[in-house]
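**Q** First to last, the sequence lines map onto chains A and B. Here this note's numbering = 1-based position in the first sequence + 23. Here this note's numbering = 1-based position in the second sequence + 947.
Bear in mind the hints are in silico, worked out from the structure with no lab data behind them. Check the hints yourself; a few may be wrong.
[What the hints assert, rightly or not] Here are the simulated DSS-like pairs of lysine-lysine, each with C-alpha atoms no more than 30 Å apart in a straight line: (1) Lys1016/B / Lys89/A; (2) Lys114/A / Lys1016/B; (3) Lys1076/B / Lys43/A; (4) Lys117/A / Lys45/A; (5) Lys86/A / Lys1016/B; (6) Lys1076/B / Lys86/A; (7) Lys43/A / Lys25/A.
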Amino acid sequence: MKKITLVCAAGMSTSLLVSKMKAAAQKMNVEVEIRATAESNFAEFENNTDIILLGPQIGYTLKRMKEKYEPRGMKVAVINSLDYGVMNGAKVLKEALEM
Amino acid sequence: MKPVQQESYRVFWHSNCFSKNGGPMNIEQLTMKLIVESGTAKSKDMEAIESARNGDIQEAQRLHAESDKSLTAAHEIQTDLIQEEADGAESAASMILVHAQDHLMSAMLVHDFAQEFINLYERVERIEKQGGKLI
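One chain only, chain A, in its complex shape (with noise of 0.2 Å):
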């Protein structure tokens, strides 16, 4: 089973976003495990996750999150902020999958 964890500053608007993909998962019949959190609290996730999504507003921190977590197997991209911002959960649990 996919794990995957969006990360933002705070860990509150992705946690919409994450409801949303919940509820996209369960449509499209897909086994997931979809969670949020902040960045600073990444770590306790860094060890269970295999896509690593990014909100927009820490878009910045892609390099750095590549660096860190590519080599270990871990996939990173950040969120379209087109799709953040209506909350398309589909849309990006689909992208995110086809990583």
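Start from chain A and add chain B according to the hints.
**A** Here is chain B on its own, set in the frame of chain A:
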């Protein structure tokens, strides 16, 4: 504290505030837009500072100008919301709207400081080019 109501009848016709289907945005969509625009602005500013640190002042200025656009868009939403309240519309702030305001505030602060950092890095580079040393 007032209970938070769903106020989907409150819509905004600002030029920046149209949803995907072309209709006006409701308060929830506006709140998300406020977060996204503020967040994008802050992210660009942080990239601008990094570029300046790496000696690319031109790129830093370009990113700072891009951040300016997002910040202006965010600020327009903020102005609309305040205007609406000043016009007498009853407004109940949701937690997420408070959070959006927090994003905007931090983005505005970072934006001003980013320009200062860019100026400083530019100055350091000039001094170093002239053979000066920083202790």
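**Q** Does each hint hold? Answer for all of them.
**A** Checked hints:
1. Lys1016/B / Lys89/A: Measuring from Cα to Cα gives roughly 27 Å; hence the hint holds.
2. Lys114/A / Lys1016/B: 26 Å, holds
3. Lys1076/B / Lys43/A: Violated. Lys1076/B to Lys43/A sits at ~53 Å, over the 30 Å cutoff.
4. Lys117/A / Lys45/A: 12 Å, holds
5. Lys86/A / Lys1016/B: 23 Å, holds
6. Lys1076/B / Lys86/A: 29 Å, holds
7. Lys43/A / Lys25/A: The hint holds at about 17 Å.
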